Amino acid sequence: MAKVIFNEDLCKGCELCVNACPKKIIEMDLSKINTKGYHPATIKPENMDKCIACGFCAMMCPDVVITVIK
Amino acid sequence: MAKVIFNEDLCKGCELCVNACPKKIIEMDLSKINTKGYHPATIKPENMDKCIACGFCAMMCPDVVITVIK
Amino acid sequence: MAVVFEKTKGLTDVPFSYCPGCTHGIIHRLVAEAMEELGVLDKAIGVASVGCSVFAYEFFNCDMQQAAHGRAPAVATGIKRVHPDKVVFTYQGDGDLAAIGTAEIVHAAARGEKITVIFVNNANYGMTGGQMAPTTLVGQRTTTTPYGRKPEVNGYPIRVSEMLSTLDGAAYIERVAVYDVKHIMQAKKAIKNAFLAQIQNKGFSLVEVLSTCPTNWGMTPVEALKWVKDHMEPYYPLGVYKNTLEEVK
Amino acid sequence: MAVVFEKTKGLTDVPFSYCPGCTHGIIHRLVAEAMEELGVLDKAIGVASVGCSVFAYEFFNCDMQQAAHGRAPAVATGIKRVHPDKVVFTYQGDGDLAAIGTAEIVHAAARGEKITVIFVNNANYGMTGGQMAPTTLVGQRTTTTPYGRKPEVNGYPIRVSEMLSTLDGAAYIERVAVYDVKHIMQAKKAIKNAFLAQIQNKGFSLVEVLSTCPTNWGMTPVEALKWVKDHMEPYYPLGVYKNTLEEVK
Amino acid sequence: MEERIIFAGFGGQGVLTMGLIITYAGMLEGKNVSWTPSYGPEMRGGTANCNVTVSDDEVGSPVIIEATSVVVMNRPSLDKYESYVVPGGKLFVNTSLVDRKPQRKDIEVYEVPANEIASELGNLKVANMVMLGAFVEATKVVKMETVLKALPEVFGKGKEHMMAINEKALEKGAELIRNMVSTK
Amino acid sequence: MEERIIFAGFGGQGVLTMGLIITYAGMLEGKNVSWTPSYGPEMRGGTANCNVTVSDDEVGSPVIIEATSVVVMNRPSLDKYESYVVPGGKLFVNTSLVDRKPQRKDIEVYEVPANEIASELGNLKVANMVMLGAFVEATKVVKMETVLKALPEVFGKGKEHMMAINEKALEKGAELIRNMVSTK
Amino acid sequence: MAKVLMKGNEAMAEAAIQAGCRYYFGYPITPQNEVTEYMSKRMPEVGGVFLQAESEVSAINMVYGAGGAGARVMTSTSGPGLSLMQEGISYLAGAQIPCVIVNIMRGGPGLGNIQGAQSDYFQSVKGGGHGDYKLIVLAPSTIQEMADLVQEAFDIADDYRNPVVILGDGMLGQMMEPVDFDNVKKTRRNLPEKTWATTGRGNREHRNVINSLYIDPPVLEKHNYVLFEKYKRAEQNEVRYEMVNCDDAEVILVAYGTMARVAKNVMNIARREGYKVGLIRPISLWPFPKEPFKKTVDQVKGYLVVEMSMGQMVEDVQLATECKKPVHFYGRPAGMIPEPSVMLEKIKQIAGGAR
Amino acid sequence: MAKVLMKGNEAMAEAAIQAGCRYYFGYPITPQNEVTEYMSKRMPEVGGVFLQAESEVSAINMVYGAGGAGARVMTSTSGPGLSLMQEGISYLAGAQIPCVIVNIMRGGPGLGNIQGAQSDYFQSVKGGGHGDYKLIVLAPSTIQEMADLVQEAFDIADDYRNPVVILGDGMLGQMMEPVDFDNVKKTRRNLPEKTWATTGRGNREHRNVINSLYIDPPVLEKHNYVLFEKYKRAEQNEVRYEMVNCDDAEVILVAYGTMARVAKNVMNIARREGYKVGLIRPISLWPFPKEPFKKTVDQVKGYLVVEMSMGQMVEDVQLATECKKPVHFYGRPAGMIPEPSVMLEKIKQIAGGAR
Ligand SMILES: Cc1ncc(C[n+]2csc(CCOP(=O)(O)OP(=O)(O)O)c2C)c(N)n1
Ligand SMILES: Cc1ncc(C[n+]2csc(CCOP(=O)(O)OP(=O)(O)O)c2C)c(N)n1
Ligand code: SF4
Ligand code: SF4
Ligand code: SF4
Ligand code: SF4
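Residue numbers (UniProt numbering), protein chains in the order written: chain A, 1 to 70; chain B, 1 to 70; chain C, 1 to 249; chain D, 1 to 249; chain E, 1 to 184; chain F, 1 to 184; chain G, 1 to 355; chain H, 1 to 355.
Hints in this document: simulated from the structure, not taken from any laboratory. Check the hints yourself; a few may be wrong.
Unchecked claim - In silico SDA-like cross-links for lysine to any residue, where the CA-CA straight-line distance does not exceed 20 Å:
no., chain 1, residue 1, chain 2, residue 2
1, A, Lys70, C, Val4
2, D, Lys189, B, Thr42
3, D, Lys9, B, Thr67
4, D, Lys7, B, Ala53
5, C, Lys202, C, Asn243
6, A, Lys50, C, Lys202
7, D, Lys9, G, Asn203
8, A, Lys32, E, Asp99
9, B, Lys3, D, Tyr147
None of these values were measured; they are calculated from a predicted model.
Could you build the full structure based on these sequences and the hints that come with them?
Quick look at the structure:
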């Protein structure tokens, strides 16, 4: 199963990954504010299995927040 | 009859007019040195009637030494 | 478990100072990955210019110099002449490269200087607050074209890749964009080719990357990507403008 | 009796300071004649640059400014913006225009600045003793390329007309030569067209003139003309590179 | 009278605007005023703050080291500026985004949950106005009515639709202070 | 001993070379020497001249105002430099190209028809060598044999074929002086 | 027009327009970008020209062209940009072209930082470019004074046919204070007509030529003397300064620009503590005001020069005092503000007779 | 290698090569073209790089790159070119890059003329660029000394990680004198390894970064203090000057470079006429030699500073003498040589007690 790891404190909440994800499973975690003051991107655990490990989110992220493993 | 007038003291002896003249009637006056220290270009009186007033010498002269009238 | 994507060793641990969603970050990553994949990190010397990417010397994991505004190609020339066996690159914005640095980039290209230039065209001066750049589109509002760029007053945007391609010293010139994954992949290939042109001693190489400035354009990052596609790309056509590589990868 | 040829009123009485046979003099005359014939002498403002033609301000019979090395297009821009109804021109050598002044000429062209540039390409720096210029041919010996210009070290000569023609602001660009009467006549037509492009508010205009430097080339003036034809012209093809004139004269 | 005030927070929280409104109001009241922004080390994002002086005399140094009041809208600003308050001066803390208590005991501290109140008002963006209301009520540097006059000048055209909510936010902040027992 | 010499003429007459040869020869003889060219107002063409000092002491000012000798190869140079000669000093005039007499009475004047002699030798270009021969013979600033040693050094490679005629020209110039009654 | 709250950068731009400046050429650089941005908005409104040049080198040469063509013209920049303008500035001085150049100083050297600083004093006052020339350099210390001096600067420039520099710092550029444009303080002058300008010959008898080349040394020398005659006149007529509390002062603070405001505060504190402290604030940095030092040198124990730099104006103070009394220095570079407490300490030492 | 007759420009170029300089970037300008031309011939012979840049701006930034990459590197120019280099020079100083910059001065301001002059003193010594920095400035007065000082300059530059300027004039550049390269006078130094240079990381633990940006004011301030510590060390160790006949002198001439040679002549003449005249010749213009003035100030009646300018070094002499004795000035700009007769006249006046 694929796994997407967000280095949350680096996220700037730009939502480019949200936009890039073909499965539309990335969303902003409105319950959290990171040290930079942003709601970080996340994938809800229940959505993680929809991930096809295409790596698009990681390729799109301008802040190298995302690691994808399979 | 055409007439070519040289403003002798401005001549720098470059010989471009000599080269440009289709009738080959311009030559350097080795008997003279002008105030700039050059042998100025000239047309011998006996050659003047060969002039066709094409104005090539004047157009070629970089120092605007030459006036041509007809 | 296999790693599909992880951060390249070509970048340090210092977080980028760019605004949220600014594609400077993507371009940085591509350059760093290209260097890592080509195995040249230990012999790379980069030149940061003046602009939002001024701190690039903190981000690339190799030796770096910070150059005066517009002079990165001259600085890179100095470095390359001393270390002809090293891989030297500059990272420059459009104000830096296409305005104040015009003479330096034209002459580095004409000299066939064996350096690689990453040219980030975001159609304005990001760092200083969104002023007009030489690449600002006609009609585009910026802080110094509050009524929109008017050709009668400010003239026309410069197509740098096309202009530099007229020079015999240019070995590889390509214009790319990073507004979606497909184009990001193409951009990476272009950057690798540009480095290869240097490594193969072909001459000067440059990749022009159409980039965003959501902050000064007054758009969300996602809107900004779309603006690149809809407005910049038509005036700045993507493609390879010069290529003398032995084998195009 | 009819006057076939006499000195134009566009020139003052000051004798040229050029070396014997240097074609700077021919080009001066053509520019002055063009202005006289277009009837713009009383509203012309010229800009002399730094090079052998630095004293141009003494020769042209109109208001003149002397500009810093390479900056004539910027100076002309300042003048033209203040006097948009006047006719503003620069007279620049290849060191001035294509080396130190690269940014200024590229941006004047990109801005579509309504000025006329007379660009004298003599493949070296005349004034300072015959050093390499950006237009020096490959293999050509100069005082700073004593072993001949080597592309690996000094890169390739810049074709200015071609480069500037990539810019949207350029309205008229032509390359001409003055090595014989036929070409001199064509050069004059080109210079007139360039002024017309300005007068018609079309944008930026430039005429590149292949010129000689017998002194530093170590040739007689006649040999120098032949060298232009045999060596320069093949690398710098003559012709119109850009033309937006309403009616080509 | 000379009030030297520092407004500090993240970029985007509207701290420069808070300072500007006080400055403008001070000018309307015929005081000598001065407003100086300053940037943190990161030019993009990061912290933002401004120094405001409202004085009966000519304004001296535009840079404030000894502040009569400090307003902090986030945690890093508290860490940085707590020490700038003169003994007996006032410190305004946006408790919505600051997760620690001030340590100084020789100053008056006002705790204002600005984001929460703004959120109640239906627009997070007016948190700065809530704080400003509290600040004006507590310090009386300028009159509230002058602040209301200054508002349209500072916001300029195109923001008229925001006036009502801004005024409400100011009032909410002021109300809080009136109801508050200063936590000395 | 300190000799301060000005060589002057048109560009192309080889006046800088004349100066250089004397300077070089001075150095070979262990003297302190200095050679300074200077340009006229016109950079292209026009006048050329150089200042040469040959001295037993350290050379002071490289710019000569009070010359012990002046050599003029053309008329404008005579007009300009006649006054530079110190009383009792020497003035060498190339009469081939100078159509007036010097006016000074307090100096020694040497008239050398350099171009004519050179022309007799079959090469107008060695007029400067004729003059130099005369100069060395008259002033003895350096020995003629040292001049002959200096020649190949100054001219460098590729000019060996000129040596014979240069030497002959020097000798002709020197001979002229030996035969001459100085026209005081 | 009532008092308006404006940034220093904006106030200077508006003042220039009110002084009849219709041509502005510049290039963005922090901390003066507001000048450029204000001009880009306002110039089209008043029928003037705002042009963003491709570089500072280009900007200053556009100023040369426009100024030589007879226009009131201005540019503005900060340290690195001013360095790039040095050749152009030397040309402007040589060709006697009036113009106004604003330098809003930041920390240096090199790229340094963008904080307000005062380390470009030497560059402007002693001549950062080549050759013998002088710029008239004015240093405002309030936003109102920025507006006043910009207006005055255009007149001085035209009066002397010389570039005038407004030397501010990032603090002043960014700060907002109320400005009153109706009561601008400036000297009334009979300005000469610009008969020398290249406007196109038209019916004029002679050609006009703008030039700084005088290839013949005696001719260039004469030109140099002409320039220095002008400078002498400026030294007689254009000296500006402020003296506060100097009558009975035993210690005098010397500072300009932003630093003078801080110094004034410190002076007040020191007075309250019983020290007789005064302030000399040079407003014209060149010509440097010598008079206030002549007037006070006999009475004081010493001067304390404070600068936001490692010490530059201090040399001119030493020269002005003719070394008759100790001149102390305290400064901090990099946009750091010298500490009032340290200044106080030094004042006390000087009052106590420290040399 | 025996003594060779060389132009000053050539001697400097050869000296640089002998000092191990293998990289030269420059742009033609009279009166220093011989440096460029010599380098273009010689560098390929010794395996070095001569590159003609597209401008002086470019040249100085190539120097930055090459110097930052660890090379011994040099450029040369004259006034207008040096003005264009000011931004780059400020960066070099800020980023602590060693290099040698030659300025062969000509007449100014603007295009001026091509005669040798001394009017770029302020520009080099006080800082023509922005920000607080210092250049070490050496002024030779013979061709031999040009060769000596160029060699020394490279060592000083490396020792201090700072640009060093050789300030000559057109006269010195064009003049020929014998040079002996076998007996170059220079100080022996233990030069630090260039561990900071960007050479490509290789196996090095850390990345090397060349930079002058310190955006945080306290950090930039610390950097400024680091620079000024270095400058203090230079003030202690790098002062150079020549004193002639000062022991019994009542009047002392002060001059550098070409002017010092003329002054020496005048001194000799004056001595012959019975006046006790000496000469102080500063060789390092920065750090400026204060010592010779301290040593002589009590004994002399006055100093006469002579410059080929309108008066620039004279300010440093005034500061160095602490105004204890009159400092007179006589200068001529535009490449005109101050008249020996006038100098003599002034000497006599000073000897006679003129103030
Ligand atoms: C000589 C000089 N002039 C101006 C500046 C100010 N400046 C800093 S960044 C910048 C523009 C940067 O724009 P760009 O190159 O497009 O890069 P971006 O910030 O958009 O990435 C300018 C003008 C400077 N630092 N130095
Ligand atoms: C800033 C500056 N750099 C260098 C020079 C010296 N310089 C004078 S003319 C010239 C080159 C001129 O060459 P070009 O433009 O080709 O004109 P040409 O003399 O061949 O007609 C140079 C480098 C200068 N005056 N100013
Ligand atoms: S792209 Fe990166 S920075 Fe942007 S929201 Fe996603 S994880 Fe955060
Ligand atoms: S072309 Fe003109 S200058 Fe040349 S030789 Fe003929 S007349 Fe004389
Ligand atoms: S200002 Fe623009 S270019 Fe700069 S970091 Fe922000 S978004 Fe990117
Ligand atoms: S040096 Fe060359 S370009 Fe200059 S005047 Fe002489 S021949 Fe013409």
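Evaluated hints:
A distance of roughly 6 Å separates the Cα atoms of Lys70/A and Val4/C; the hinted pair therefore holds under the 20 Å criterion. Note on Lys189/D and Thr42/B: the hinted pairing is violated, with a Cα-Cα distance of about 29 Å set against a maximum of 20 Å. This hinted pair checks out: Lys9/D and Thr67/B have alpha carbons roughly 13 Å apart, not beyond 20 Å. Distance check on the hinted pair: Lys7/D and Ala53/B sit about 16 Å apart at the alpha-carbon level, within 20 Å; holds.
The straight-line distance between the Cα atoms of Lys202/C and Asn243/C is roughly 9 Å, inside the 20 Å bound, and the hint therefore holds. For the given pair, Lys50/A sits about 46 Å from Lys202/C by alpha-carbon distance, which is inconsistent with the 20 Å threshold. About 15 Å separates the Cα atoms of Lys9/D and Asn203/G, which keeps this hinted pair within 20 Å; it holds. Restraint check for Lys32/A and Asp99/E: the C-alpha separation of about 14 Å stays at or below 20 Å, so the hint holds.
For a cut-off of 20 Å, the pair hint linking Lys3/B to Tyr147/D is broken: about 49 Å separates their Cα positions.
In this structure, the hints that do not hold are numbers 2, 6 and 9, in rising order.
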